[in-house]
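One letter stands for each residue in the lines below.
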Amino acid sequence: DAGVTQSPTHLIKTRGQQVTLRCSPKSGHDTVSWYQQALGQGPQFIFQYYEEEERQRGNFPDRFSGHQFPNYSSELNVNALLLGDSALYLCASSLEAGQGGSEKLFFGSGTQLSVL
Amino acid sequence: QQQVKQSPQSLIVQKGGISIINCAYENTAFDYFPWYQQFPGKGPALLIAIRPDVSEKKEGRFTISFNKSAKQFSLHIMDSQPGDSATYFCAASRWDDKIIFGKGTRLHILP
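Going down the list, the protein sequences come from chains A and B. Going letter by letter, the first sequence gives residues -6 to 109 in the working numbering. Going letter by letter, the second sequence gives residues 30 to 140 in the working numbering.
Calculated from the structure, these hints are not laboratory results. No residue lacks a Cβ here, since even glycine has one placed at the ideal position from N, Cα and C. The reader is advised that the hints may include incorrect statements.
In the SDA-like style, the derived pairs of lysine to any residue whose C-alpha atoms are separated by at most 20 Å in a straight line are [as the list claims (entries may be wrong)]: (1) A/K97 <-> B/Y61; (2) B/K34 <-> A/E46; (3) B/K71 <-> A/E44; (4) B/K86 <-> B/A53; (5) B/K71 <-> A/G9; (6) A/K97 <-> B/G46.
With the C-beta cut set under 7 Å, the calculated list includes, among others, these residues of chain B facing chain A [unchecked claim]: (7) G45; (8) F68; (9) F95; (10) K132; (11) G133.
One chain only, chain B, in its complex shape:
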């Protein structure tokens, strides 16, 4: 049973555009929703995270939008740059439990 479903699998965006990646979860006990960024040959790195008591969190060009009733959350990358080209993973966990990852989205920003 896949507890975190991520879409799309791959995404191509023009430089300066907005990249949007979506995730849906099933377990209403989840209370922590991070996004990780992974470059080839590297491990994932925490990008931004949100808890369900807020609907949006912004850090620089990266924003998480959270919809608790729909059990969905998304990552928005504003003014996308070629350096943002990477694989992005959404994830979820309950307090102090293991983090469960989505299958990932390969993002390519066209120069």
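Isolated chain A, as found in the complex:
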């Protein structure tokens, strides 16, 4: 049973560019959350997707957007990259948003994004 998989593992971009990160949730999970983890910090909530809709959003600008597909996989898009966007981007999946099940998060290993 595969866990949460993320791609790519590492990515280098320059300021102003756009990036797309991908996530496949754990088998059987229907909810995907995205977190940003800066070096030496805890994960910061970006947004959560359930039934292909953004269900919750953290304090991130509109440059951060996402999508969930019918197979529950998800993408995170960041436009107009800034140096401060350099971080580890974590995808977490869970079960049954709206039923309390979204508490038990299973994280992928993340995508390390470097913006030069």
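Once you've looked at the hints, dock chain B against the given chain A.
Coordinates of chain B only, in the frame set by chain A:
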């Protein structure tokens, strides 16, 4: 506003000792308090969690102590081992809301 405050930032413990990490929260609506463990190059993994209706939960060498009146909770690792060396995050959430993480504690167990 930091809703979950974690201390210490780093901790060094001798093998076989007790590691203690503390967290304080502000929002009394929080009703779920997990601890996550993260190794370098990996995502966080759920270690143990507690709800405010109990004051303590134990799973193997890991124990959460919860003080609702003080809005504090802590993780105790008994008989700490070198393999426990990792970064630990406390977190909190309301029912079905986003999970908010502390800034983390880097734990190093001396062999």
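Now the hints, each set against the structure:
1. A/K97 <-> B/Y61: The given pair, whose Cα atoms are some 10 Å apart, holds under the 20 Å limit.
2. B/K34 <-> A/E46: Roughly 31 Å separates the two Cα atoms, so the pair is violated.
3. B/K71 <-> A/E44: Not satisfied, since the Cα-Cα distance of roughly 27 Å exceeds 20 Å.
4. B/K86 <-> B/A53: holds, 17 Å
5. B/K71 <-> A/G9: violated, 28 Å
6. A/K97 <-> B/G46: Roughly 29 Å between the alpha carbons, so the hint for A/K97 and B/G46 is violated.
7. G45: violated, 28 Å
8. F68: violated, 10 Å
9. F95: For B/F95, the interface hint is violated, since the closest Cβ of chain A sits about 16 Å away, which is over 7 Å.
10. K132: Hint holds; B/K132 Cβ to chain A Cβ min 5 Å, cut 7 Å.
11. G133: At 5 Å from the nearest chain A Cβ, B/G133 passes the 7 Å test, so the hint holds.
Hints 2, 3, 5, 6, 7, 8 and 9, counting from the list given before, are not met by this structure.
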